[in-house]
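K.L.:
Using the sequences plus the hints, can you model the full thing?
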Amino acid sequence: MNLEIKNLMVKYDDVLAISDVTMSVATGTIVALVGGNGNGKSTTLRAVAGLNAAHAGSITFNGQAIQSVPAHERVPLGLSLVPEGRRLFPRLTVRRNLELGAFTQSDDHEVKSSVDEMFSLFPILKEREKQLAGTMSGGEQQMLAIARGLMAKPRLLMLDEPSWGIAPKFVTKVLDVIQQVNATGVSILLVEQNLSKALSIAHYGYVIQTGRIVMEGKGQDLLHDDKIKQAYLGL
Amino acid sequence: MITTTRMKAVAISLVCLAAALVIPAVVQSASYLNLAILVLMAAQLGVSWNIVGGYAGQVSLGHAAFYGLGAYCSTLMLVKFGVNPWIGVLCGGLLAAILSVGFGWSCFRLKGHYFAMATIAVAELVQIWFTEWEYGGAAVGLYVPMDRTGWLWMNFATKLPYYWLALGLLLITLAVNWWIERSYIGYYLRAIKDEPDAARSIGVNIARYKQIALSISAFFTAIGGSLYAQKELYIDPNSVLSTALSIKMALVSILGGVGTLFGPVIGSVVLTTIEELTRTVFGGTGRGTDTIIYATLIIVIAVFYPTGVVGWWRNILRRRVLNTASNTADSEQSSSQVAGAAAVKGGQV
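First to last, the sequence lines map onto chains B and H. Residue numbers for the first sequence follow this note's numbering, so the first one is 1 and each next one is one higher. Residue numbers for the second sequence follow this note's numbering, so the first one is 236 and each next one is one higher.
Errors might be hidden in some of the hints.
To be verified - Each pair of labels, with its calculated beta carbon distance range:
1) H/Trp368 <-> B/Asn7: 51 to 57 Å
2) B/Ser113 <-> H/Gly385: 56 to 62 Å
3) H/Trp386 <-> B/Asp13: 55 to 61 Å
Claimed, not checked - On the chain B side, residues computed to face chain H include the following (Cβ under 7 Å):
4) Ala49
5) Phe89
6) Phe103
Claimed, not checked - Think about it this way: if two alpha-carbon atoms lie no more than 27 Å apart in a straight line, the pair counts; the simulated DSS-like pairs of lysine-lysine are:
7) B/Lys11 <-> H/Lys346
8) H/Lys243 <-> B/Lys130
9) H/Lys394 <-> H/Lys315
10) B/Lys112 <-> B/Lys169
Source of the hints: derived by calculation from the structure; they are not laboratory data. From the three backbone atoms N, C-alpha and C, an ideal C-beta is built for every residue, glycine too.
P.N.:
Right under this line is the structure:
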């Protein structure tokens with residue numbers, strides 16, 4: 001098992017953001033965490049990445065308890081987060097953003113070959129290599145954000161709302177890329193509001209509501225579940 | 236385009252450097268030379284502050300603590316133990332860099348305005364401590380003895396050597412900033428400033444890099460303090476540890492262009508000149524006039540030019556380039572339309 005979260009609780013000051021999340025990501029799979037806005041999807045991801053402290057429960061990554069490991073030390077363990085809203089470094093070029101993604105790597109040649117790998121995976125980034133990240137379109141920025149996340153050579157890539165703010169044609173492209181990345185052996189934890197899109201590529205899915213996991217199952221099963229259709233897809 | 240802009244920037248920098256080298260030969264008046272020294276010293280402080288306040292985005296309003304530490308360290312070493320000021324200057328810088336760890340530890344836990352307020356509080360505590368510290372001269376302060384003069388003892392009867400010292404120190408500090416801007420530390424600092432969460436999620440230890448920035452900044456600020464002590468030959472808590480001094484360090488950067496290499500230098504030229512002019516024009520009766528002007532400038536900058544003089548200038552250049560590009564496109568379009576119309580007339584279409 002790649003990632004295991006048990007009874008996770010996270011608070012923002014005194015406000016309970018997630019009360020009881022138990023879920024797991026098996027090695028080499030795509031797992032979707034779906035739910036409405038404000039139900040705790042991003043908080044769960046941020047807690048796994050170490051950006052939010054876990055008030056209770058446990059997070060285990062490849063057998064190691066990581067809930068008290070600082071965020072910057074989780075990256076070398078193989079955890080990489082592509083944050084919501086992309087969070088690129090807008091005043092730096094595309095290449096520089098990618099290089100910063102390889103912060104935990106010390107070998108310059110390795111960093112260079114990783115950048116080249118990203119350019120072959122995302123040819124549009126090669127074209128934009130010297131462009132400032134902040135001047136690219138939303139879809140291109142999302143590609144760059146994923147590529148930057150991959151530069152850390154993660155074993156688990158966590159994506160927070162990758163379809164946020166991008167054109168529909170790019171959403172399909174982004175989902176294709178996610179599947180491509182997964183095919184290379186990288187596990188994926190995908191947080192999305194766009195249930196149908198997320199569940200269509202997920203091997204397994206979890207539905208979160210008011211800070212609790214209320215449903216789980218295979219991606220396709222959840223996608224065709226009547227309750228989900230009624231509650232989230234308006235069908 | 237980028238190369239042309241860079242070439243222009245290099246050319247302007249060289250012209251400014253040449254002007255700085257020529258000033259002592261041209262300026263005969265001691266008071267104007269003193270003004271030039273003050274401009275250089277304030278610029279050096281602004282450039283030092285810029286490392287943590289500009290590149291790392293941590294607006295410190297307590298940098299006078301480092302300035303005072305530098306001034307007191309070199310002066311006390313000279314007065315009490317007869318240690319050469321050159322050694323004292325370095326010791327002051329190192330002491331400030333080391334003590335900045337405690338400063339950072341206590342303040343970096345806070346963000347934004349809370350961080351700024353915490354830095355004021357720490358600097359105030361340092362000032363109070365020095366005001367009460369008998370061994371350090373307390374509120375009376377310390378005099379730098381004039382018994383050994385010359386370059387060896389960094390002590391001069393005339394202003395000119397201080398000009399060269401201030402210019403040299405500014406150039407060194409600028410060189411360090413230039414290196415930071417282009418090194419990975421600079422990129423990490425910009426990442427921390429722009430997107431701290433993203434920086435953490437790629438593995439950047441934010442606390443460590445902020446601390447590195449603060450320590451380098453503290454080191455150079457303290458050296459600036461030591462130079463002040465050697466130049467003025469007298470220090471007390473009010474002259475080297477006041478909050479007004481911290482604000483000035485921040486303000487020269489903000490006015491000129493925070494997070495830019497030469498912004499603090501431009502800010503220093505403007506602010507120090509205003510400060511000295513108001514002092515000369517109004518004398519004792521006009522005490523506080525410079526503060527009123529400072530406050531007005533802060534409002535003007537915040538409302539109209541949040542990116543400072545350098546940002547304002549870059550905007551002008553950018554607009555000019557865009558205008559040129561659109562004019563070229565327009566003329567190309569109109570000439571193609573004329574050609575098209577001629578072709579239609581001639582029955583070619």
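K.L.:
Would you mind marking each hint as holding or not holding in the structure?
P.N.:
Right, here's what the structure says about each hint:
Under the hint 51 to 57 Å, the C-beta atoms of H/Trp368 and B/Asn7, about 54 Å apart, fit the expected range. In this structure the hint that B/Ser113 and H/Gly385 lie 56 to 62 Å apart at CB holds, the actual value being about 57 Å. Here the CB-CB span from H/Trp386 to B/Asp13 is close to 59 Å, well matched to the stated 55 to 61 Å. Proximity of B/Ala49 to chain H holds as hinted, the smallest CB-CB distance being about 5 Å (cut-off 7 Å).
For B/Phe89, the shortest C-beta to C-beta distance to chain H is roughly 5 Å, which falls under 7 Å, so the interface hint holds. Checking B/Phe103 against chain H: minimum C-beta separation of about 4 Å stays under 7 Å; hint holds. Under the criterion of a C-alpha separation no larger than 27 Å, the hint pairing B/Lys11 with H/Lys346 is consistent with the structure, at around 19 Å. The straight-line distance between the Cα atoms of H/Lys243 and B/Lys130 is roughly 21 Å, inside the 27 Å bound, and the hint therefore holds.
Restraint check for H/Lys394 and H/Lys315: the C-alpha separation of about 25 Å stays at or below 27 Å, so the hint holds. A C-alpha spacing of about 30 Å is found between B/Lys112 and B/Lys169, which places the hinted pair above 27 Å, so the restraint is violated.
The structure fails hint 10 only (numbered hints given earlier).
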